[in-house]
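K.L.:
Given next are the chains, with one letter for each unit.
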Amino acid sequence: MPELVLTVARFGFLVLLWIFVFTVVGVIRRDLFAGSRASRLVAAPRGIGGAAGTRPAKVKRGRAAHQLLVTAGALAGTRITLGEAMITIGRAEDSTLVITDDYASARHARLVPRGGQWFVEDLGSTNGTYLDRAKVTGPTPVPLGVPIRIGRTSVELRP
Amino acid sequence: MARGRRQPTRRNAELVLLLFAMGLVAAYAAAVEANMLDRVTPDFWVPTAIIGSFFIALHILVRFRAPYADPVLVPAVALLNGLGVAFLRRLDLADADPAQRADFPVFAGVGGRQLAWTLAALVAAAALLVFVKDHRSVSRYAYTLMVTGIVLVILPAALPRQYSEVNGAKLWILVGGFSIQPGEFAKLALLSFFAYYLVRKREVLSLASRRVLGIDFPRGRDLGPVLVVWLISLVVLVFEKDLGTSLLYFGMFVMTLYVATERVSWLIIGLLLFFGGAGLAYSLGASVGGPFTSFYERVGTWLDPFGDPYGKGYQLSQSLLGLGTGGMFGTGPGAGQPTQVPEVHNDFIFAGMGEEIGLFGLTALLVVYLLIIERGLRAGLAVRDSFGKLLAGGLAFTLGLQVFVIVGGVSKLIPLTGQTTPFLSAGGSSLIANWLLIAMLLRISDAARRPATGASPLTRTTPTAAAAAPLQLRELPTEVVQ
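Residue numbers (the numbering used here), protein chains in the order written: chain A, 1 to 159; chain B, 1 to 482.
By construction, these hints were calculated from the structure, which means they are not laboratory data.
Keep in mind the model is a prediction, meaning the values are calculated, not measured.
Hints may contain errors.
Stated by the list, open to error - Have a look at the derived ranges for each label pair, beta carbon to beta carbon: (1) G224/B to G115/A: 36 to 46 Å; (2) M1/A to L359/B: 23 to 33 Å; (3) R63/B to V15/A: 51 to 61 Å; (4) G327/B to R30/A: 34 to 44 Å; (5) G124/A to I50/B: 20 to 30 Å; (6) V15/A to V264/B: 36 to 46 Å; (7) V151/B to R30/A: 43 to 53 Å; (8) F64/B to L144/A: 39 to 49 Å; (9) R30/A to G289/B: 57 to 67 Å; (10) V151/B to P2/A: 54 to 64 Å; (11) V5/A to G289/B: 22 to 32 Å; (12) E3/A to I50/B: 48 to 58 Å.
By construction, the Cβ of each residue, glycine as well, lies at the ideal position given by its N, Cα and C atoms.
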């Protein structure tokens with residue numbers, strides 16, 4: 001084999017190797033935009049951050065929730081005026097809405113506002129939180145007038 | 001209808017990268033033949049084509065079983081695996097009679113055996129992808145896996161020497177000509193258990209703490225599990241005479257602990273415990289001897305390999321000389337003398353390749369490892385459940401730590417230990433275990449990147465919101481009203 005061919009093979013392989021590396025990096029770069037659902041490595045409240053940017057445009061003015069109404073359970077009829085603060089629901093004394101219900105956990109669920117939309121999130125309760133009939137497994141947007149069921153208690157967002 | 005707006009699966013990118021990787025392996029094989037035989041035989045591509053067809057079969061399986069899996073993992077690992085097989089074949093050629101090199105059979109020698117092991121490893125990886133449809137189902141067997149893992153760790157230490165010792169390290173099970181390295185599988189089993197355990201316990205581990213010097217330290221009683229793992233890793237260190245494996249188990253646990261709790265204090269405690277233990281073992285080796293002697297000697301060799309270049313320091317000094325001969329660009333594939341390095345098939349494969357592909361080539365290989373690890377961590381970031389996060393983060397970190405331990409050992413950054421280089425070294429246990437690790441990462445990354453199912457057609461009208469939002473956003477019928 002001529003010396004030239006061997007030299008070309010020697011450096012050509014290294015060049016190809018690095019081209020491969022950069023091609024892979026290129027694929028990863030394109031990928032960053034396709035699946036930018038990155039959250040923290042530690043399981044944190046998910047979804048809220050990713051959804052925040054897209055929500056405001058979809059919530060029509062005048063239809064935002066201003067009150068939380070308890071529609072069933074021991075506290076039926078109670079109203080809470082909503083602000084910018086998070087609402088926590090549970091048996092714990094420091095909850096925003098303290099419910100005395102055997103089927104509720106101490107820290108059962110919370111309602112978090114993000115970009116004009118309220119999200120309900122289950123806090124690892126024993127018996128679960130239901131939005132209408134669907135079990136809440138992550139931050140879920142709460143539409144107006146749809147009951148959130150916690151044990152025997154139901155709450156709804158009202159305009 | 002909504003086909004065009006689907007989240008891209010990126011499978012075609014994977015195929016292109018895979019073909020590129022196989023082209024690289026073929027180019028490497030051709031260069032080896034040009035240097036060693038002085039001509040390129042017409043069928044230089046056959047081993048590459050065989051191994052490439054295995055990978056393409058895996059790629060097709062991934063298309064069906066994990067369509068949203070990360071597109072980079074399979075090609076990057078395939079490149080390392082392919083180059084490993086090609087390099088082992090190159091070593092076989094060097095050992096063979098020069099007259100018979102041109103028609104050296106494909107399945108002969110260490111390279112041929114590695115080719116067969118690759119097939120077995122890919123079958124194992126494929127089986128994992130087929131049978132484990134959801135990575136969370138692994139957590140159901142967490143305690144079984146823990147017991148299996150501990151048995152696999154302890155077994156070589158407990159077995160009599162003739163069934164477990166190879167080159168002074170009691171890491172093996174030798175049965176009827178076969179040698180199995182159970183530690184390779186133990187790390188996967190233990191990691192699954194760590195992830196499961198820490199998902200359940202992380203609140204108590206991260207919340208109850210005392211603040212010392214601005215860092216939150218956990219309560220004494222919460223240190224229990226980490227101390228148990230520390231003891232196990234020390235047992236491995238002393239009785240199996242293997243610093244690398246011990247570092248691997250302990251690092252794995254401390255890392256998952258850190259990921260689960262976000263507490264820097266765990267890293268500090270872990271590092272202190274490890275270096276304290278290693279320092280203690282070293283000073284015990286100097287004064288007491290006994291089971292600590294081999295560790296003491298290894299550190300001595302590490303500190304001064306050229307003090308006894310034909311005796312204890314032989315491996316390391318040959319490795320360093322090989323790397324030095326390679327220099328920046330290497331001697332070219334097939335043009336070096338890697339057979340001068342002892343154990344070049346296993347522990348020192350990185351030094352052997354380094355002589356021929358040089359610092360530039362080795363750096364590229366390290367970057368490929370880095371990219372694999374990055375994709376694993378990325379899968380951990382993006383997946384939705386805590387168990388998956390811990391498992392993916394831990395698996396990726398373990399792979400990285402193993403590469404660090406062996407490459408650091410070969411290049412004299414840390415004391416040398418008998419770790420395998422993932423995907424490169426000859427050896428079935430390591431190859432199968434690491435391919436299982438990759439299959440698990442593929443499974444988790446598929447779960448992480450898969451768009452949530454059950455989207456109603458109407459909500460598809462806002463594809464960007466639908467793609468970015470979590471599951472529940474699109475399941476709600478009331479979304480449509482807006």
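K.L.:
Against the earlier hints, flag every one the structure doesn't satisfy and list their numbers going up.
P.N.:
Of the numbered hints, 3, 5, 11 and 12 do not hold.
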